[in-house]
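Taken in sequence, the protein lines are chains A and B.
Following the working numbering, the numbering of the first sequence begins with 1 at its first residue and continues without gaps.
Following the working numbering, the numbering of the second sequence begins with 1 at its first residue and continues without gaps.
To be clear, the hints were calculated from the coordinates, so they are not data collected in a lab.
Cβ coordinates follow ideal geometry from the N, Cα and C atoms, glycine included.
Any given hint could be a false lead.
[Stated by the list, open to error] Cβ-to-Cβ under 7 angstroms is the rule here; a few derived chain B residues that face chain A:
hint: 1; residue: A87
hint: 2; residue: A140
hint: 3; residue: S183
hint: 4; residue: S188
[Said to hold, decoys possible] Straight-line C-alpha distance at most 25 angstroms; calculated DMTMM-like pairs for lysine to aspartate or glutamate:
hint: 5; chain 1: B; residue 1: K175; chain 2: A; residue 2: D71
hint: 6; chain 1: A; residue 1: K3; chain 2: A; residue 2: D19
hint: 7; chain 1: A; residue 1: K107; chain 2: A; residue 2: D85
hint: 8; chain 1: A; residue 1: K78; chain 2: A; residue 2: E26
hint: 9; chain 1: A; residue 1: K225; chain 2: A; residue 2: E28
hint: 10; chain 1: A; residue 1: K3; chain 2: A; residue 2: E221
hint: 11; chain 1: B; residue 1: K175; chain 2: A; residue 2: D13
hint: 12; chain 1: A; residue 1: K233; chain 2: A; residue 2: E201
hint: 13; chain 1: B; residue 1: K175; chain 2: A; residue 2: E201
hint: 14; chain 1: B; residue 1: K175; chain 2: A; residue 2: E51
hint: 15; chain 1: A; residue 1: K180; chain 2: A; residue 2: D67
hint: 16; chain 1: B; residue 1: K175; chain 2: A; residue 2: D85
hint: 17; chain 1: A; residue 1: K69; chain 2: A; residue 2: E28
hint: 18; chain 1: A; residue 1: K78; chain 2: A; residue 2: D13
hint: 19; chain 1: A; residue 1: K238; chain 2: A; residue 2: E170
hint: 20; chain 1: A; residue 1: K180; chain 2: A; residue 2: E26
hint: 21; chain 1: A; residue 1: K156; chain 2: A; residue 2: D13
hint: 22; chain 1: B; residue 1: K175; chain 2: A; residue 2: E23
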Amino acid sequence: MIKAEKVNKWYGDFHVLKDFSLEVREGEVVVVCGPSGSGKSTFLRAVNGLETVQSGSIHVYGVRVNDPKTDLNTLRTKIGIVFQDFNIFPHMTVLQNISLAPIKLLKMSQKDAELLGHSLLQKVGIPEKWNAFPSQLSGGQKQRVAIARALAMQPKAMMFDEPTSALDPEMIKEVLDVMKTLAREGMTMIVVTHEMGFAREVANRIVFIDEGSVIEEGSTEQFFKNPSHMRTKLFLSKIL
Amino acid sequence: MLNIQRGILNFLWSLVGTKSGEPWEPKPRFSLSILTKRVVVAGVITIGIFWILYSGASKSYLFHWRILWEYRLPFWLGFLVTLKVSAVTLVFAIVVGVLIGMARISRFVLLSDLAFTYVEVIRNIPLLVIIMLIYYGVGAIVPMHRFLASVVALTFFEASFIAEIVRAGIQSISKGQTWAGRSLGFSSVQTMRYIILPQAIRRIIPALAGQFVTVIKDSSLVSVISLVDITLTGKQVMTTTMAALESIVFIAFFYFIICVVLSMFTKYLERRLPVGD
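Only chain A is shown next, with the shape it has when bound in the complex (with noise of 0.2 angstroms):
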């Protein structure tokens, strides 16, 4: 569903992306791990052309990524993501935040997207807050809105950047167990995380990468248990 075939970037002289190649098939839940500065947030922007690559192709339901002629627009609807920095509008409430989108682009009353919200506040844990405004919630609480707020515009995959690197470690299970509700219920993923026990849970798959290439990529029992490359192994060992 999301196909990555050789792409290349540069920042300036820096190479972030080295014939970099991924496939993620419909429901699959990918992780994808690697030190940082190893090109993992410059490629989940550059599936839904938040940054453009100077080479190669991605495809997104069969649509072209990096060609002029694509509406971005209508395909970035169907691929949410979430921040490491939440990102979420700091001058709307909780609600306003979540209803925005559906109410503008797909064109949904005010009614209808106001129980949407509601609907989404429900499954993500906090019902409560919708009418409070970001300043007043916690790092967790921000990241699970910035959660709901994505999936309301009902997309059919989700990719999250270090969704839990910003937070504290009490706040880091609340997120995750959201996340682990959406990949149980067949959401398409894919999940840039150093959290292996999550990994280790619910990834079908796991990609490492390094200096902007896919080092290995395997089901997540061969990955731990067996891992092929030294690199991976010398990064399993600091990490776990």
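Assemble chain B onto chain A, guided by the hints.
Chain B in isolation, oriented as in the chain A frame:
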């Protein structure tokens, strides 16, 4: 010697009270808010200096404050002109400034280059010269009234500053907000409208209110093309009555009061419009 200086400085600091009290420091016996304290100190210093100057000048100059009262009507009319020029300028300058500020951060290189050129050219020419350029230069091609020329010149000038305020306000909103908007499927225009601008405006408005103070002060320069604002009225009163000091002191006081009140309003806005997070 150095110790004495430091002692004096510390004493002055303690008067102004800008050093915020650390929680473990003993609280002062009576505590006025820092603002009130500052106003009182500034008032005492100003009145003191004024009194010294006034008593000095009184030795060689006889003050006739009554003359000001006799000329209350011209002063009132001058005040109205100043207010009108400033207000009309501010409205136009905000419109032009916002457009240029947006053009400045546009993706279209030509547009942003044009805006950049405008801002840099205008900001590096003195306002007094711009006013004369518009009135005598442009006025030679398209004849215009002094009032119009004043508003045009001031608008050109202030718009370049407002453009910078707008640009800085928009660019101060983190890139992540744009990513979040675009990733939901909003176009760049929609992202700007629903997400970036509402946040940027909260940062821009207090700065704009501050700019109004600048517009009022800058408007005094239009007296150079004989628009009878309060400054020129003062000058005319000076020459006709020889009550030079009375009139100029009054004008200084007049601008001061208006601008102080407006700046306080600006500070109030800054506190009232916090940007979340």
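key: Violations among the numbered hints   = Going through the list in order, the structure violates hints 1, 2, 4, 7, 13, 15, 17, 18, 21 and 22 and respects the others.
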